[in-house]
Amino acid sequence: MCPNVRLRMIKFQPLLRQYWPTVALFAFLLASWQLAVSAGGIREYLLPSPLAVWNALWHGDTAWTQHIWVTTLEIIGAFFLAAGVGVALGVAIAWSPLIANALVPFLVFVNTLPKVAIAPLFLIWMGYGIFPNMLMGALIGFFPVVINTAVGLSQVEADMLDLGRVFNAPKWKIFAKIRIPNALPYILSALKITATAAVVGAIVGEFVASQKGLGYVIVTTQSSMNTSVAFAALIWISVVGLVLYGLVVLAAQLWAPWAEGID
Amino acid sequence: MIVVNKELIGLDRVGMTYEAASGPVEALAGISLSVGAGEFVSLVGPSGCGKSTLLRIVAGLRPAAVGTVTVAGRAVREPIPDIGMVFQAPILLKWRSILQNVLLPAELAGQDAGALQGRAQQLLDMAGLSGFGDKLPRELSGGMQQRAALCRALLLDPPLLLMDEPFGALDAMTRDDMALELLRIWGERDLAREARKTVLFVTHSIPEAIFLSDRVVIMSPRPGRIAADLKVDLPRPRTVELRASETFGRLSLEIFRALTGRSGAGTSA
Numbered sequence: 043m044c045p046n047v048r049l050r051m052i053k054f055q056p057l058l059r060q061y062w063p064t065v066a067l068f069a070f071l072l073a074s075w076q077l078a079v080s081a082g083g084i085r086e087y088l089l090p091s092p093l094a095v096w097n098a099l100w101h102g103d104t105a106w107t108q109h110i111w112v113t114t115l116e117i118i119g120a121f122f123l124a125a126g127v128g129v130a131l132g133v134a135i136a137w138s139p140l141i142a143n144a145l146v147p148f149l150v151f152v153n154t155l156p157k158v159a160i161a162p163l164f165l166i167w168m169g170y171g172i173f174p175n176m177l178m179g180a181l182i183g184f185f186p187v188v189i190n191t192a193v194g195l196s197q198v199e200a201d202m203l204d205l206g207r208v209f210n211a212p213k214w215k216i217f218a219k220i221r222i223p224n225a226l227p228y229i230l231s232a233l234k235i236t237a238t239a240a241v242v243g244a245i246v247g248e249f250v251a252s253q254k255g256l257g258y259v260i261v262t263t264q265s266s267m268n269t270s271v272a273f274a275a276l277i278w279i280s281v282v283g284l285v286l287y288g289l290v291v292l293a294a295q296l297w298a299p300w301a302e303g304i305d
Numbered sequence: 169m170i171v172v173n174k175e176l177i178g179l180d181r182v183g184m185t186y187e188a189a190s191g192p193v194e195a196l197a198g199i200s201l202s203v204g205a206g207e208f209v210s211l212v213g214p215s216g217c218g219k220s221t222l223l224r225i226v227a228g229l230r231p232a233a234v235g236t237v238t239v240a241g242r243a244v245r246e247p248i249p250d251i252g253m254v255f256q257a258p259i260l261l262k263w264r265s266i267l268q269n270v271l272l273p274a275e276l277a278g279q280d281a282g283a284l285q286g287r288a289q290q291l292l293d294m295a296g297l298s299g300f301g302d303k304l305p306r307e308l309s310g311g312m313q314q315r316a317a318l319c320r321a322l323l324l325d326p327p328l329l330l331m332d333e334p335f336g337a338l339d340a341m342t343r344d345d346m347a348l349e350l351l352r353i354w355g356e357r358d359l360a361r362e363a364r365k366t367v368l369f370v371t372h373s374i375p376e377a378i379f380l381s382d383r384v385v386i387m388s389p390r391p392g393r394i395a396a397d398l399k400v401d402l403p404r405p406r407t408v409e410l411r412a413s414e415t416f417g418r419l420s421l422e423i424f425r426a427l428t429g430r431s432g433a434g435t436s437a
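Taken in order, these protein sequences are the chains called D and W.
FYI, in this note's numbering the residues of the first sequence are 43 to 305.
FYI, in this note's numbering the residues of the second sequence are 169 to 437.
This is chain W alone, in the form it adopts within the complex (with noise of 0.2 Å):
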C-alpha cells in the first residue's frame, strides 16, 4: 500500500512563537522537513533549540503559529491518533502492571483492551519483557521501564513513532543497548523498509543519532532552525562496528561543525 519514499511528515515553513514574561520568544523558526515513509529521522540541536517543541507540533499537541503541517496527506491541527510517543522518562502509571501499562493506549483510545492483551504480551515478549508483565514499573530497571514504554507506543500499531530523547536519562552501556533493542523492535532485519514504522527522533548525542538514522537533521539554537540535514551513508543492519568505521567518523565531525557552526580544520575545542 505505502509506496516507497511517499513522504509520511511534512512540515511547510512552521514557526513558534511563545509568550514569556519578558515578552513573546520565538523558538522556530522557517521549519521546513519532508520525511518519508518508513524512515529513521534524528533531530539534534543544543538544548532549547525547540526539538521537543517540533515533535509535540508533528504530534498536534501544540499548534504551530505559522506553516503547515501534515501527517500521511493530512493538515495536523489537533492531536492525531496514529502516533506513538516515548518521552525521555518512562512516565509509566506505577499503581498499574506492566502489561496494564502496555495496555493503556487502547483503553484511552475507546478499544477493546481485553482483545490487544495477546498483542501487548507479543510486544513484552519482542521487548525482553517476557514475564514481567505482572510486575509493577518500580520493579523493574530503568532500561526495562523504558522499553515497556515503547512497548506501549507499538500497541496500537502506529504508523509513526515520536520520539523524545528516550535514552537521555539511561546510563551509557544500557543506552548502547537500546539502540540496538529499537532498531531490532523497529524490524531493520526483518521487515522491508515500506513496512517500518516511521521515526522521529529527538537526541542530544551524534553517535546515538548516526547509530540509528538514515537521515540526521541538524537543528541551530533558538529560534530553531534547520542547520543541516545530512544523510546517513550506512549499511542496514547497523551493527556495533560500524562506530569505527571512516564514514561513522566523518559524518560526527560533519555534524559536530553543523552543530558549533564552525568549519574549516579548527575544530578543536
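Here chain D stands alone, though its shape is the one from the complex (with noise of 0.2 Å):
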C-alpha cells in the first residue's frame, strides 16, 4: 500500500505544481459566482446558480441523451465532410493549375460569405433534420482543409521531386508516396480547426432549424426563462466539442508522429 501512495504522489506532484493555479482560479470563479447568486440576490433567469446548472446537468426535464447524440452526429457528420471535400479539393487544386485557377477563386468567394447567413437558406432548400446542420457545420470548416491540403502538398523540396523525376515516377505515385504523406501534418493541422468549426456550424445550424440537439435546447430555453438549461447545454457542447478535438489531436500523433510541432 504504501509504495503504491508513493507512485501516486510521483506521478500527480509535477501536474499538481503546474496545474494548481489553474483549479485555484476556477474554484474561486465558481465560488464568487455562487456566492453573487445566493447572497447578491441576482434572479435564476438572469444567472443561475452553479449548483442548479448542476442540476440541470443531470436532472430536470431535458432528454440531454438524445440532443447530445444529435448534436454529436451533426458534427462528426459535418467533420468528415469538411476533410473529405477539403482534402479533395486540395489535392485537385495541387494536381493541376488549370483546376487550381478554376477554383481558387471561387473557394475564395465562398469562404468570404459569412456561412451564418446562409443557414436560413438552408432551412428552404432541405428543411429541418441532421443534413442541413452538418452541411452548416461542413461548410464553415472545410476552408482550411483545402488551404492547408495544397500548400502541403506543395511544400516537397525541389531535389525529392528531382529524385521522382529521374525514375520517371508517375505523377500519381509522386502524390502517393512523397506529396501526400508530406501532406499530412498539415492536413491534421487544419482539422484541429475544423473540429471546432463543424461544433459552431452545427449549433448554428441548430439555431435557425431544428427540433432536436444541444442548439435546440439552448433557443428554447430562451422563451422558457430556464436559464440554468442553457448553461447547462453549454457545458455539454463543450464537452462534446472537446472530446472530439481531442480524438483529432490523437489521431494526428498517432498518424503523423514525425510531425511535432507543425502548427
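None of these hints come from the bench; they were simulated from the model.
Please note that a few of the clues may not be correct.
Claimed, not checked - To give a feel for the contact side, a few chain W residues facing chain D, derived at Cβ under 10 Å:
id	residue
1	Ala227
2	Leu308
3	Gly311
To be verified - Chain D stretches covered by chain W per the calculated footprint, using a threshold of three residues with CB under 8 Å from any CB of chain W:
id	stretch
4	66 to 74
5	170 to 176
6	218 to 227
Cβ coordinates follow ideal geometry from the N, Cα and C atoms, glycine included.
Quick one: dock chain against chain with the hints and give me the complex.
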C-alpha cells in the first residue's frame, strides 16, 4: 500500500504544481459565482447558480442523451464532410494548375461569405433535419483543409521531386508516396480547426431550424427563461467539442508522429 | 564489358540560359567535357557558376539550351534512369524508416522493392548503418543521414553517380570521414577501375576535390566555363597522409590560381 501511494505522489506532484493555479482560479470563480447568486440576489433567470446548472445537467426535464446524440452526429458528419471535400479539393488544386485557376477564386469567394447568413437558405432548400446542420458545419470548416492540403502537397523539396523525375515515376506515384504523406501534418493541423468549426456549424444550424440537438435546447430556453438549462447545454456542447478535438489531436499523433510542432 | 577509358559522359559545347526578371541570364557557356567510365571527376567553382545546373543537365532534369549531352553514348533529352543522385541535404522522407528510404528508388521506378530488400540491407551494412534500418531519419545524425542517402542512390546500381555538394552541410571532421567512406564504398580498394561507378562530384572545397578525384574541373564565374581541367596524380587508395604531400599542395595552389584567375607568385590574398 505504501509504495502505491508513493507512486501516485510522484505522478501527481508535477501535474499539481503546474495546474494548481488553474484549479484555484476555477474554484474561486465558481465560489464567487455561487456567492453572487445566492447572496447578491441575482435572479435565477438572469444567472443561475452553479448548483442549479449542475442539477440541470443531470436532472430536470431535458432529454439530454437524445440531444447530445443528435448534435454529436451532426458534428461528426460535418467534420468528415469537411475533411473529405477539403482534402479532395486540395489535391485537385495541387494536381493541376487549370483546376487551381478555376477553383481558388471561387473558393475564396465562398469563404468570405458569412456562412451563418446562409443557414436560413438551407432551411428553405432542405427543411428540418440533421443533414442541413451537418452541411453548415462542413461549410464553415472545410476551407482551412483545402488550403492546408494544397500547401502541404506543394511543400516538397525540389531535390526530392527531381529524385522522382530521375526514376520516371508517374505523377500519381509522386502524390501517393511523397506529396500526400508530406501534406499529412498540414492536413491534420487544419482538421483541428475543422473540429472546432464543425461544432459552431452544427449549433448555428440548430438555432435556425431544428427540433433536436443542444442548439435547439438553447433556443427553447429563450422562451421558457430556463437559463440553467441553457448553461447546462453550453457545458454539454463544450464537452462534445473537447472530446472530438482530443480525438483529432490523438489521431494526429498516431498518424504523423514525425511531425511534431508543425502548427 | 566496359572498356577502360571508354567515355561515359560527353558534353559538347553545352550552354544554358534562363529567364530572370531582369532578362535572360547566361548560366553556362561552351562546356565541353568528357568523363571516362569509372572516373571520379570533381567540379569546383565559385557559387553561382552553374555547377549544380550542369549536374542536372547531365541527369536530364534540365534541358541544355545549346549543345549536346550524351551518357553511355545516348543523347540525354529527358531524365535518364541509370544515375544515382546525392544532394547537399539528405532529403530522406521523414515518415519512412531508413531501410524504406533506401528502397524508395525501386518503388518510384516501378521495380519490386521486396526483392531489393537484401541489397538495401547490404548497402546499409557497407555504409556502417547496420541496425539503423528501422530507425526514422530524425533519429540519425547528419552524417549518417547522408550515408543513407548514398545507399539510396546506389540501390539500383547505377553506372553514374551525380553528387551535388553532398558533404557541404556537414562539419569539417565528419566531412573528412565521409570522403574516406565514399572512396571505400566506391570500391577504391576492392574494385578494378572499370568496375567502379563514374562519379561527377560538385564541391566548394579544393582539398575535398583533390582527395577524392582522378580529375578536378575548375569552372569560372557566371557564365560558367571550364577554366582548367587538372589530373590528380596521387596514388590510390588515397590516405590521409597524402593530404600533406607535395603533390597535394601543388595541386591546391594550381586549383586556387585557376579559380581566382591569379597567376605567378603573388597569390597571397
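Consistency of the hints with the structure:
no.	hint	result
1	Ala227	6 Å, holds
2	Leu308	13 Å, violated
3	Gly311	18 Å, violated
4	66 to 74	violated (count 0)
5	170 to 176	violated (count 0)
6	218 to 227	holds (count 5)
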